[in-house]
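Two chains, two frames, some hints: make the complex.
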Amino acid sequence: MHKNEESKVVACELNREALIEIRNVNKWYNDFQVLKDINLSVYTGERVVICGPSGSGKSTLIRCINRLEKHQQGDIIFDGIELTDEVKNIDKIRSEIGMCFQQFNLFPHLTVMENLILAPISVRDLSNAKAREIGAHYLEKVKIQDQADKYPSELSGGQQQRVAIARALCMQPRVLLFDEPTSALDPEMIAEVLDIMEKLATEGMTMVCVTHEMGFARKVADRVIFMDAGQIVEENDPINFFDNPKNKRTQKFLKQIFEH
Amino acid sequence: MTFDYMAIWDNRDILIDGVLTTLLVSTIAIPIGICIGVVICMMRISGNRMLRWSSIVYIEFLRNIPFLILIFLVFYALPFYGLRLSGLTTGFICLSIYGGAYFAEIFRGGIQSVSKGQFDASKALGLKYGFYMRRVIFPQLYQYIIPPGTNIALTMIKESSLLSMITVAELTYAAHDVNGRTFTPVETFATIALLYWLISTIFLKLTHILQIKFGAEDTRDDLTIR
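Taken in sequence, the protein lines are chains W and G. Under this note's numbering, read the first sequence as residues 1 to 260, first letter to last. Under this note's numbering, read the second sequence as residues 1 to 226, first letter to last.
Source of the hints: derived by calculation from the structure; they are not laboratory data.
Facing chain W, from chain G, some residues (calculated, C-beta under 7 Å):
#, residue
1, D120
2, L127
3, F131
4, Q140
Below 27 Å or equal to it, Euclidean Cα-Cα: the simulated BS3-like pairs (lysine-lysine) are:
#, chain 1, residue 1, chain 2, residue 2
5, G, K213, W, K150
6, G, K128, W, K92
7, W, K36, W, K248
8, G, K116, W, K70
9, W, K130, W, K143
10, W, K143, G, K123
For glycine and all other residues, C-beta sits at the position ideal for the given N, C-alpha and C.
With the rest of the complex left out, here is chain G (with noise of 0.2 Å):
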């Protein structure tokens, strides 16, 4: 069976779309994601008992479900309501929405890793709320939120192959096009594979890069076993 890359070749300008826009909907809703989760892990610890519940409901209905549901409920359902929005804008709002519930949740993590102590010594200086959560805990949140956080947006990269389902054009929505043109459904979906691939690779360096410059790394000699 041989290979048919003309097929791809002839046909990379859709794929270099599809590229563009899946990397278009990450890069916007990966940060977007991250302000939310900023928002709702502060509510979501907050003494007033309004904004936790809140934020409570917020994480459990955007975690308890697929994805792919809720870019359904906001494209097909909503314009029962009169919210019309395209495949593209449903797309941005939801990828950051269902980022922003796991990101919380992380965030939350991450402060509850820091040790009591440091939140006794803050308050004994007299030191207030907002100034020592981001000059003593924040900085002290790095280690514990860089992981999990980079798994989570590299996932948000994935998802976001979901958007073909309601016509936005990324990359899988591109190799469904290309492959109906050509019938070449080996070499297509082959060079999607290859395509996220590289996506998440170059991705992964450069959160590699941010963990260095935060003393984030995981590499722990004691945890392999010789």
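Chain W extracted, bound-state conformation (with noise of 0.2 Å):
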């Protein structure tokens, strides 16, 4: 496809550095091993989809990209500063790095606006009323203007998922990771959600998303990931992902999913 060409080449051509860079991870939980050597470099201004079964290791290496998960062996490596127990201001690291999760952890207690503002406010020194303008600003973005002063509890799922995008893109992040994002919403909220999703790469936000989305990720991803069983399988442009995957176990899978 003419447009993920097109983006392929202009990440090569600006950035030749990794925005993130995996090196032969290796994770366990106690004696199961959850990530088996993986290696993953992902480029500013790409759109990188992992999917997989579930049980894959796909939403744990991304919660290792921003240290939610800690990784036993091997290198991870965020805009250069590798990513270990000694590492200092994880926080500072942290936000550069935004995360929408599958129940989107909006903070109850806080209105819509106060939910976005937190983090401008407290991690980046920003004046109340700086905050309250990039809040409505993203707001705007993602369509919900209007709901500012509501709870989330008042909200339905799409909205609330909406406004947790909203949320990290306040913090203005080199990169945006989504774990299942559209995952636990009804099907009709789904398409509000990856729409915002869409316009945020078209608008050449680095992306690294988990979905089940297999529409989302032919058109919007420039790299396609297969997990299964922990190790990345398979990994290719989204055509040739789709139309041509190599591996039996990717074939597989895609079988299941479009089955469906």
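Here it is in structure tokens:
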């Protein structure tokens, strides 16, 4: 697809340094190995989609990127900084990485606007007024301008997830991580969230997205990665990934997904 | 059998002083106990092994022995090690640290009840630990800690009656005093029961206001069998 090739060329031209570098990463939960020898680079401006059956380690992998989970072996390097136990200012690093969760995780005791401005005021030291300005801007972007003073419990799932995306955007991160953002939504609300994510993608936001939404992957991704049992099994651009899957496991997975 | 009201009325001063002392001890020990509970709880969940271990020792010791034995230890045994405290001081200290152990566990239970996703989102935004505990987690704790917390506070008010055993002139001590003078156990202890009941009821009414303010009322329609 023309758009994908174009953005790949742009990414390579502008920035040879990977924003996120994952090298030989292994992780265990006690005796169970959840990540096996993962190697992955994400460049600024790229949209990477990770798919796979449940238990494949895809959520664990992206949670390692902002160190919500710790890897035991291998290197994870964000913007040139290696993530280890000794890393100073993990909070500062995390503020450059935005994340959206399957369960939205909005702060229930705060209004929508308060949710958005909490981190910019505390972490970026912005004034209340400036933070609200930014908040209003991103609320408009996700199309929920008139809900600023509502509480999360008063919103639908789709609206809550859009607020969550706005909240992540208010920190103006270098990359957005999505952990199955639409999996907990009713079908009719999935589209409104995917629309926003597509819009962000066309505006050049670097994204790493774990999702089952293959239509979205086809349209938006520069690269699609298939993970199974803790390993990266296949990696390709969307056209080749969906039309010519090389690995048997990928083929089986795609068959199951599309037969639904 | 006639109820000798006059025996009680004539000695009302002693009983009123008793009520005031009970209230004094409780009103001071409960807030201090809550503060101790917060500190111990933070130690209990900290990453530091020494802090965690110390807090566990503290909680286990104070929760697993009777309050009466605790006050005997402090009042009667400590003097042998050079520390002689008055009954009232012993009462303040023991009631506070005893409550503190229970409050610590209640707070810990509350923190664990807040969904993990709240911690994930806070960390993902780059919020610092102290900041997000205060602004994200603690505000969500009230609904979990107010009901058991008021229970412990109420227990502390009633446990204060044991301080009568170490010469503190609170309400139970006053009861024994009046009974000793008038030989009217029925009237005396019935009155004491009523007075404790009044103290507790007023306390619960106040905490109910607190519950409503923090949205922690325990009124759920789906729990009633109809």
